[in-house]
Amino acid sequence: MEAAVETEKLVKTFKSRSDTVEAVRGVDLRVQAGEIFGFLGPNGAGKSTTVRMLTTLTTITSGKARVSGVDVAADPDEARRRIGVALQEAGLDPRQSGRELLILQARLFGASKAEAAKKAAELLELVDLVDAADRLTRTYSGGMKRRLDLGTALVHQPEVLFLDEPTTGLDPASRLAVWEEVRRINSLGTTVFLTTQYLEEADQLCDRLAIIDGGLIVSEGTPDGLKADLRRRRGLQHDPTLDDVFLDATGRTRERVAGEVQEVHA
Amino acid sequence: MSSLLVLSERAVREAKRTPDALLPTLFIPVFFLIVNVGQVGKIFPADTTLFLEGQSYAAFTLPSSLLLAASFGSSALYLVEEIENGYLDKLRATPVPRSFISLGRLSAEAIKSVGMTIAIVLIALPFGISIASGPLGFVLLIVITAGWAVGYSGFLQFVALKTRGAAATQSASLIFFPLLFLTPNFVPRDMLTRPMEIAATLNPVTYVMEAMRSLILDDFNATVVGRGFLVVAVFVAAMLWLNVRTMRTYD
Chain A
1 MEAAVETEKL
11 VKTFKSRSDT
21 VEAVRGVDLR
31 VQAGEIFGFL
41 GPNGAGKSTT
51 VRMLTTLTTI
61 TSGKARVSGV
71 DVAADPDEAR
81 RRIGVALQEA
91 GLDPRQSGRE
101 LLILQARLFG
111 ASKAEAAKKA
121 AELLELVDLV
131 DAADRLTRTY
141 SGGMKRRLDL
151 GTALVHQPEV
161 LFLDEPTTGL
171 DPASRLAVWE
181 EVRRINSLGT
191 TVFLTTQYLE
201 EADQLCDRLA
211 IIDGGLIVSE
221 GTPDGLKADL
231 RRRRGLQHDP
241 TLDDVFLDAT
251 GRTRERVAGE
261 VQEVHA
Chain B
1 MSSLLVLSER
11 AVREAKRTPD
21 ALLPTLFIPV
31 FFLIVNVGQV
41 GKIFPADTTL
51 FLEGQSYAAF
61 TLPSSLLLAA
71 SFGSSALYLV
81 EEIENGYLDK
91 LRATPVPRSF
101 ISLGRLSAEA
111 IKSVGMTIAI
121 VLIALPFGIS
131 IASGPLGFVL
141 LIVITAGWAV
151 GYSGFLQFVA
161 LKTRGAAATQ
171 SASLIFFPLL
181 FLTPNFVPRD
191 MLTRPMEIAA
201 TLNPVTYVME
211 AMRSLILDDF
221 NATVVGRGFL
231 VVAVFVAAML
241 WLNVRTMRTY
251 D
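First to last, the sequence lines map onto chains A and B. With the first letter of the first sequence counted as 1, position 86 gets the number 86 in the working numbering; the numbers rise by one all the way through. With the first letter of the second sequence counted as 1, position 139 gets the number 139 in the working numbering; the numbers rise by one all the way through.
Just so you know, the hints here were simulated from the structure itself, not pulled from any lab data. This one's a predicted model, so the numbers in the text were calculated from it and none came from an experiment. Think of the CB as a built atom: it goes at the ideal place given N, C-alpha and C, for glycine as much as any other residue. Hints should not be assumed to be uniformly reliable.
[As the list claims (entries may be wrong)] If you want the footprint, here are the derived chain B segments under chain A, 3+ residues with CB under 8 angstroms:
| id | segment |
| --- | --- |
| 1 | 9 to 21 |
| 2 | 85 to 96 |
[What the hints assert, rightly or not] As a list, the in silico SDA-like pairs of lysine to any residue whose alpha-carbon atoms are at most 20 angstroms apart:
| id | chain 1 | residue 1 | chain 2 | residue 2 |
| --- | --- | --- | --- | --- |
| 3 | A | 113 | B | 6 |
| 4 | B | 16 | A | 138 |
| 5 | B | 16 | A | 96 |
| 6 | A | 113 | B | 164 |
| 7 | A | 15 | B | 164 |
| 8 | B | 16 | A | 136 |
| 9 | A | 113 | B | 189 |
| 10 | B | 16 | A | 97 |
Produce the entire structure from the sequences given, and follow the hints as far as they go.
And the structure:
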């Protein structure tokens, strides 16, 4: 079976006049089509940089990355046609309405005016923004912006949807709405590649996950598999949580990790 | 090309929704026109000042106001805003040529400049201005001004893409003021002091201004007009190239 996302020794180095930072130091990943894949890590671990390379937004220093079988460096336009992207910041044009932004996005993916209008109407329904469709997005709440951003990532029915910390800063109700939406999108066949700092989110949503720290993958597997492995290795009497798995994988203590990774219960 | 049109339409819609950004672009050049005429209009009466070709001093100073309006483009500041809020990345993740993201905004600047030029010329008509080169000359005046607007906005967008900051982009927009004042904007070049004449001769804005002035005051001086268009063409080409190159390598 063809992998939806595949990387080989993926490296990203940022150079400035005075400094060189290796943000990603040789990441190997394989995400199967149809999965919800979680990508966890503390702040600055390399999650967003990896996503930016996979979504053609940042150049790759070395290594290979393929999305839906397309080499993102060799054929970035084709890769962009196959992916949807919702980044950490719900990037929206504040001087356009929700409907206008969805139509614009659809047209940039090649839809005709009529097709784009139809698609926008469908997506507004889907992300529950019909009532606010013709308001400028600068009047939207954080949750509404996030839902619209998700909608814009879906205009062209992508094969792989990249969500970079999609629930950061959302209230519990909005977070649940996004989770529900992610599950629904995935049930229609879209592979979801999700980065998050919220361990409960990964536990709830993801079929498999990888933990990145210091630019390297330090652990990978299903949430249950990773927990069982930790229990066996440590001879624990109780069932470990994903927090314990995270702390074990990154070599952090609960005290040290406070402020880097948060437990949030929706 | 339809993607370019869609991005251009978006930028025009944005301009229509921000009259607070457009009004100063109109007000300040008109203010300069009125003040300049008020200050030196009496020194250069239409009937005895040869270089006015029988028109009022407002006709002589109109190009300064048009160039000023054309240098007030807001596209670069909106671009910085999109860099900061992440929308630029959203556009970069679409399969449209990345250069279209820059060009869409610049084409909207050209459209805005056409409207602004027509408005300023209409406002200036009561000051006794006529376009001596006729309707074709008026069209050429609009085109050269729009060209300058695209070039200068291109320069500011280039600064925005390089610095990714509003402060640097805003500061860069002020560069036009010394360039405007190092031109024969009050009197013809041969009436300037020698050092000022040398500075004006070295300043490419001088040739654009003289071409615009020629379209307003002369019947049609192909050499002067052609030189102005050449300067604008080179400026626009250089700025488009820088924009396209920077957008393609933006990381």
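Quiz item: Okay, which hints does this one fail, numbers in order?
Solution: Structure breaks hints 6 and 9.
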